[in-house]
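Number of protein chains: 4
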Amino acid sequence: MKKLIITSLLIVLFLFPAIAQRRIVNLPDIPGYVTLKCDFHMHTVFSDGNVWPLNRVAEAYREGLDAISITDHIELTPKKDYIPVDLNAAWKISQNAAKEGNLILVHGAEITRSMPPGHLNALFLTDASTLTGDSVYNVIENAVKQGAFIQWNHPGWKSQQPDGIPRMYNIHYRLLKNGLLNGIEFGNDTEYYPLVLTFCKKYNLAVMCNSDNHGIMSETFALPEYTHRPMTLVFARERSHDSLKEAMFAGRTLAYTGDIIAGKEEYAKSFFNQCISVGKPYFENDKNIYFEITNKSDVPFFLVNGPSGAPGSITLAANRITRVVLSKKVTVPLVYDVKNVMTGENEVLKAELKY
Amino acid sequence: MKKLIITSLLIVLFLFPAIAQRRIVNLPDIPGYVTLKCDFHMHTVFSDGNVWPLNRVAEAYREGLDAISITDHIELTPKKDYIPVDLNAAWKISQNAAKEGNLILVHGAEITRSMPPGHLNALFLTDASTLTGDSVYNVIENAVKQGAFIQWNHPGWKSQQPDGIPRMYNIHYRLLKNGLLNGIEFGNDTEYYPLVLTFCKKYNLAVMCNSDNHGIMSETFALPEYTHRPMTLVFARERSHDSLKEAMFAGRTLAYTGDIIAGKEEYAKSFFNQCISVGKPYFENDKNIYFEITNKSDVPFFLVNGPSGAPGSITLAANRITRVVLSKKVTVPLVYDVKNVMTGENEVLKAELKY
Amino acid sequence: MKKLIITSLLIVLFLFPAIAQRRIVNLPDIPGYVTLKCDFHMHTVFSDGNVWPLNRVAEAYREGLDAISITDHIELTPKKDYIPVDLNAAWKISQNAAKEGNLILVHGAEITRSMPPGHLNALFLTDASTLTGDSVYNVIENAVKQGAFIQWNHPGWKSQQPDGIPRMYNIHYRLLKNGLLNGIEFGNDTEYYPLVLTFCKKYNLAVMCNSDNHGIMSETFALPEYTHRPMTLVFARERSHDSLKEAMFAGRTLAYTGDIIAGKEEYAKSFFNQCISVGKPYFENDKNIYFEITNKSDVPFFLVNGPSGAPGSITLAANRITRVVLSKKVTVPLVYDVKNVMTGENEVLKAELKY
Amino acid sequence: MKKLIITSLLIVLFLFPAIAQRRIVNLPDIPGYVTLKCDFHMHTVFSDGNVWPLNRVAEAYREGLDAISITDHIELTPKKDYIPVDLNAAWKISQNAAKEGNLILVHGAEITRSMPPGHLNALFLTDASTLTGDSVYNVIENAVKQGAFIQWNHPGWKSQQPDGIPRMYNIHYRLLKNGLLNGIEFGNDTEYYPLVLTFCKKYNLAVMCNSDNHGIMSETFALPEYTHRPMTLVFARERSHDSLKEAMFAGRTLAYTGDIIAGKEEYAKSFFNQCISVGKPYFENDKNIYFEITNKSDVPFFLVNGPSGAPGSITLAANRITRVVLSKKVTVPLVYDVKNVMTGENEVLKAELKY
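Residue numbers (my numbering), protein chains in the order written: chain A, 29 to 383; chain B, 29 to 383; chain C, 29 to 383; chain D, 29 to 383.
Rather than coming from a laboratory, the hints here were simulated on the basis of the structure. Only a predicted model underlies this, so the values are computations on that prediction, with no experimental measurement involved. Mixed in with the good hints, there may be bad ones.
Copies of one chain are not kept apart here, so a pair can be met inside one copy or by any two copies together.
[Said to hold, decoys possible] Pairs of lysine-lysine, DSSO-like flavour, derived with a Cα cap of 27 Å:
#	residue 1	residue 2
1	324	297
2	127	357
3	120	108
4	357	120
5	382	127
6	356	308
7	292	367
8	324	65
9	324	308
10	357	205
11	315	186
12	315	65
13	186	273
14	357	378
Assemble the whole structure, with the sequences as input and the hints as a guide.
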């Protein structure tokens, strides 16, 4: 006989992010589109971050992301006594590593002003060094001439909005009117702003969600509190830089932060339906039928407000199969509120379990 | 803004086995068959185990198994001063819970004799109480009359074979000749016996692998050393008691213990091919091409003895995507030995990576 | 050079409870007494539990406890069709293992009646088989004649008190008056009842806290939610059966459940003071002084309601050193409420940090 | 009743290194000295590291270290196109944070030459910018004029010694002879070099052990493989910069890497004796006596080669109590080899268990 001695790698890789293999993120594609896992907001030593740009590529690679943008601040460069300002540095340094790592690298920068308009990321740039000047409007216009997607960052950030509530000011309306605003962060770091859903639906903008990380990703978003960094899920025609860009301008996104999925109902519903499958009843007795719901995704779903006689709430844990025991007296459709799938400031997805 | 407060369930469920949801075990089906995850050997307080039978059902349910058999010893009942001998007790107590939990419960018992023939499990019984008597041959014959599948347990167990090497004795040949032996444990608890593969291939028996647990499953097979209990993978036409039985008599099984998969080449190859997929090259430069291999399973695969110029070894971590950087000078097929997929006592699977 | 290959055992033992070594529980002694970590309430297959008695000894050993009592129900024996009733069985089976494991085993049983008086544990019995009869008062009297300590269990258990609020009935007052009630469970399983502190202080009873476990301890109280089972901390003259008994009758106890310590102020204060030490300032600048607080215990302490100008709250994480940065303008004593050290239904410990 | 809702911090802090509290490292003081936990070798973006200097302070703070030195390469500055060379930058940037964090910051730099003499750290510098010039001997002399302690780094590093075996060359002997070499790394990153113990004992040098980290400490030395970064334990008269320096020049150190403690027997023995305590027998029967050994440290100890009749090997797991069952027939002293406490290239500590 032999004793088992091969160490299992599952746990090693789960806890030890340095090993150069990619995690498989279980966030399914939706009909017609591939689901790209993206983070469009992070910093390096070239502004007020604490890591070298290649770390951002390595982190994203290991975490199984499809696309990132390094978005150092244009106007905030506190390390300039040691590191001369170079607004394209992170892009230049990271480009090749991203290619070798099968990651889509989006050239970006963060326009960093007081509120209004606050901070805005310009994504899909060709040259970030030109985004300087007194007039933030002109700077944004300049970015858009380069083809940029303009994202309004953390609109409810307490340093700029002490009550935490996002507000649109004249300049935001002016940007909107002239097609110079394309998305807003619903989620940023460990915060999220429900009101952003109202803005995005009203003005048909992309719902965005990003880490805005300045430190070490694996230290900021770590077990047991976090299983993943905040992400923007982009529904693209294919996994390419240009398809990603097209999808973002078309607003085909969802925010994914903590256990929350948020965005337009159309995408939320489609995504939820790909995550779960309801099995046929496998057993019954005098009183009840038994069936199982499989959640093949990394997102747990919290179903609440079930119909009378049915379980009031059902938790569909991530990557788990959940058993439902249902009274035979229940004849109405099994419609639940999915508490953590937000489709509006005060709305959540309604889902029917068809067994 | 709001701070994230929903606790992620992923980690809770991973570490906290008491929550009543099933794990999704990533062990894919193979063409033509569903892969049933089974454990046909465990004990309760009705012999020398330390738990009540319902615990065995609950453990298997949470761990995502498809079928179990509780196989208390016929001849070893050390708790009989407190618990009267009832050889069908575990079966009677567990039946209903198994139905409610969508688990296939196989009625079993362990015939427990000194070597030879050692210990043998009789699976798919109708009444274990009849399996007593001096002649072990008669007892086995009796079991087979009930339709039983006979599994020889831990043939290299040091308590019965001090050198740890399995040996077939006259009685084993007699059982074989009369169709009274159907499978042998390659894996038992944390041990495994490579020579069993030789026996199984020669006599066309099912390769078996089981926990033989007497205590608490989650304590015995726990992180970081173990990610799962030992299992027999059975390739059945469908997920049912009768299909399971048919598949076992047909020998369509693989052993899965620690990181080792072992069994007949036909099933090992088919299973491996369903676990991994090799992507098209996504990048190349002057010297190298880059492609990715996705391992969608819970089993890591350790590829060694690569061709000259290619990476000598490649670890395909479980549930991970592995990048391969290949010199453009390599023109031969990428054939590797899969070190932890055993197809014989001294043979492992050969696999070609077709990118 | 050599590569490190010795696996560190720290994590193995932390997560893998089966290895037969004891955890060191960091709950300090207090001046004059040793702190015994105890659990006086748990079940086995001899009533409605699911494990064999020896498991209870093994669990307590590994978890570093000093004393346990197995307290199977007198009147609730749902497994009696398979296991004949024997009210002393767990005690007989466990005695020797406890001695070999350096564990104090207290002979106990649970008198199990509807409310009032509800469930009561009789601890330090000589023969549990005599505790039967219609009159619960007579049964308790009988136990006390054996020298028993009587503990009222889970007085706010919703199955017996639907609003969750403990209430004392005539029979409780009668027991009290005749010296037949010695302690009440503040904590039971994952619940706790603040009002018990009022009862215990008023009638000078021991504040108790126990697991009441029926299943697997390591599955019920597991990371990340729990780092330990509920315990009664008993302050005894020495680590012996008789000293333990003396201390319990004298009411020298604290409850420890989750992150909560609860009991009489005298013991809570003494215990807290042994857990933490405040260092001298190690640095100062124009505005602030810097000092460190070391928490050598497994209990985190949550300090709130700090004086004006000082940090409003300070978390002294378990087994950690916490830095305090204090404005030089603060001249008042640093008195805080220790939110998780309860000394009354609505009172918590006040503690001064003397740096 | 209330349900427990306070999340325990123990696990949070254990796994989530970003929270600003210090770990208590259980490595006891020895008689006459405090044990300082140190790492004298690490890099930042100012040479070939990937993090900003403040990260090094934050990491060390959280991990509970007492002293660190940031030792960017003098001659290897691959980021100079983006970051102008400033050999004192890490020191200037980190100084204040170290003071606020109660960390001893040692001003250091790595002299980086081909072998011989290889790489050497100069510690306790006043100005690293002067350590340039063709002659490495002159550079070292210059450092020593500043009061520096000279440490020879990773002498068996395969990039400079392909067979992994450290070798002393003429220049090393010349440095030794002139008092310009004070310590050698036994451990570096995940490697260690047993032969260094021979060198250190022969020439009375300090045995050193450091991380040499270029990336993220928490990612490089992470569970389940590592519980801590490599450290040099320095036995100082008090916890201060000057006492640290005195102790290092006096050679009062041990290396601590993985589960290995290595160094001069005098310190190894004293340290081991502070880590463990052997209790009096608590139980005996006809055949055996039972006693417990408490290991209050983070280091597991692997005792092997026990005397005849006693347990052949005993593992004293870290922060655990281990039971020993000893036959009454054993009358000889219980002397063991402590396999993981190396006192020479081929020697380990011998320890007697006096119960």
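Find the hints from earlier in the document that the structure breaks and name them by number, from lowest to highest. 4, 10, 12 and 13
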